[in-house]
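S.K.: Below are the chains, spelled out letter by letter.
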Amino acid sequence: MEIKESIRNYIKSELVNNKDHRELSDSDQLIESGVIDSLGMMKLIGFLEDNHSVQIDDMELVPENFSSIDAIASLVEKKMA
Amino acid sequence: MQPWENPEIDAMKGKYHQLALDYFSGDFTERDKTGDFSLQRWKKAAEIGLLSMMMPASLGGMEVPVTHVVAAFEGFGEGCRDGGFVYALGNQLCGIQLTIKQFADEALKEKYLPELMNGNRLAAYGFTEETSGSDAYSMQTTATEEGDNYRINGRKCYITNAPYADSAIVFAKTSAARSPFSLTAFLVDMNNEGASHGREFEKIGLRTVRMGELVFDNVLVPKSNILGGKGGGLRVLAESTGWERAVLISSALGPMNRGLKACIERAKTRNQFDKPIGAYQQISSKIADMVMRQRLSRQVIYDLASKLSSGKSMHTCAQDAAIAKLFVSDNFIRFEMDAMQIFGVRGYLLESFINRDLRDSLSFNIWSGTSETLRNTIAKLEGLPV
Chain S
1 MEIKESIRNY IKSELVNNKD HRELSDSDQL IESGVIDSLG MMKLIGFLED
51 NHSVQIDDME LVPENFSSID AIASLVEKKM A
Chain Z
82 MQPWENPEID AMKGKYHQLA LDYFSGDFTE RDKTGDFSLQ RWKKAAEIGL
132 LSMMMPASLG GMEVPVTHVV AAFEGFGEGC RDGGFVYALG NQLCGIQLTI
182 KQFADEALKE KYLPELMNGN RLAAYGFTEE TSGSDAYSMQ TTATEEGDNY
232 RINGRKCYIT NAPYADSAIV FAKTSAARSP FSLTAFLVDM NNEGASHGRE
282 FEKIGLRTVR MGELVFDNVL VPKSNILGGK GGGLRVLAES TGWERAVLIS
332 SALGPMNRGL KACIERAKTR NQFDKPIGAY QQISSKIADM VMRQRLSRQV
382 IYDLASKLSS GKSMHTCAQD AAIAKLFVSD NFIRFEMDAM QIFGVRGYLL
432 ESFINRDLRD SLSFNIWSGT SETLRNTIAK LEGLPV
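Keeping their order, the protein sequence lines are chains S and Z.
Position 4 of the first sequence, counted from 1, bears residue number 4 in my numbering, the numbering being contiguous throughout.
Counting from 1 along the second sequence, just add 81 to a position and that's the residue number in my numbering.
Misleading hints may appear alongside valid ones.
Straight-line distance between alpha carbons at most 16 Å, and here's what the computed EDC-like set of lysine to aspartate or glutamate pairs gives [stated by the list, open to error]:
| no. | chain 1 | residue 1 | chain 2 | residue 2 |
| --- | --- | --- | --- | --- |
| 1 | Z | Lys182 | S | Asp57 |
| 2 | Z | Lys182 | S | Asp58 |
| 3 | Z | Lys311 | S | Asp57 |
| 4 | Z | Lys388 | S | Glu14 |
| 5 | Z | Lys393 | S | Asp28 |
| 6 | S | Lys12 | Z | Glu463 |
To be clear, the hints were calculated from the coordinates, so they are not data collected in a lab.
All values derive from a computational prediction rather than experimental measurement.
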């Protein structure tokens, strides 16, 4: 499965609690809209590390890397390169 | 047989049980009454290695598996009847030292960890505030960027070891946004200008470790003292509370082990109406419940410790850690309530360790996430919109 698709599926199935967010686009703002909160952030990191074999460094935990599905996919792709 | 049921782990538990009996035994009634914290005993605990576990060998630490640390705290807690002291040791090891090990740069590690390990420096974990606990976003303490420094203003409340802490990990808002990246963790020396220890709080349990405030009035802290990067505070918090929930929780096992032995002895030897009270089903049922609570608590704690020892990361074990803390805390309190009933008025006397352990146990449903918060966490990690 494509990286972005896998991340999108995970966020929609595990992190989206509000029905208004079910039709997320890849550029939608995840932090500002509250889709990713503190606990969601931890879940997402665990998912990325377990399923995409990457290690997210502490210094990479900045809003720019998690602001959207596009941004998260870009971070993972960069780390896998 | 469970993976953690092996002679090496038993030996670790036995070693620290014996060390506790050799150096930390005695009557704690007076110390419990006066709320006396002993720096001399703290240094002795450091000397026997309790603050060196899971610390980098390059700095003099002992890189032992998590199962062994849990075993050491179980054995030590069984031999040392001073629950406040055992809690304080675990609090510093899990909340402070492991956090510095994971999130500080090399220079900070070299400066702080050896002194924390040898007991010459004591530190506190400054997260909670008067109006902010589980709701981290409502935190009032702020850190404002000023060149190569941050200026911290705020007041931390109900902090373990605060009255005598030399240093503290302090969480502050570095952004007004309600975002997972709005908090930052700093390592702050309490002798910095503007830092002070504030008021102290009396508690009903864990009395031999003191609790108080940490006050920060325009305290200047270098950027190099940030732990986990700017905005990484919640990640730091999740890791450190994870370690507290997974390892510090093992401080419940010692009191349960010795409490169970004492209650069984009491049930066999205390006679009422010409037979031992253990012959009455109301008492034998309590003993059966206590055996179950003690045994299952051990299982939950060692099972998680085995996962962490095998290399699983804390954030992949976040739900397991919440479950362990919640399950053991609830069962510890119920265990101690049953012990009080079995001992009757004898347990109610201040001179009895039974009521001291009960008073200590009540804190377990509060520290590092209340049981209500942990239930929310567990449900939320199952995808519920809590």
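S.K.: I'd like to know which numbered hints this structure contradicts. Please list them from smallest to largest.
M.R.: 4, 5
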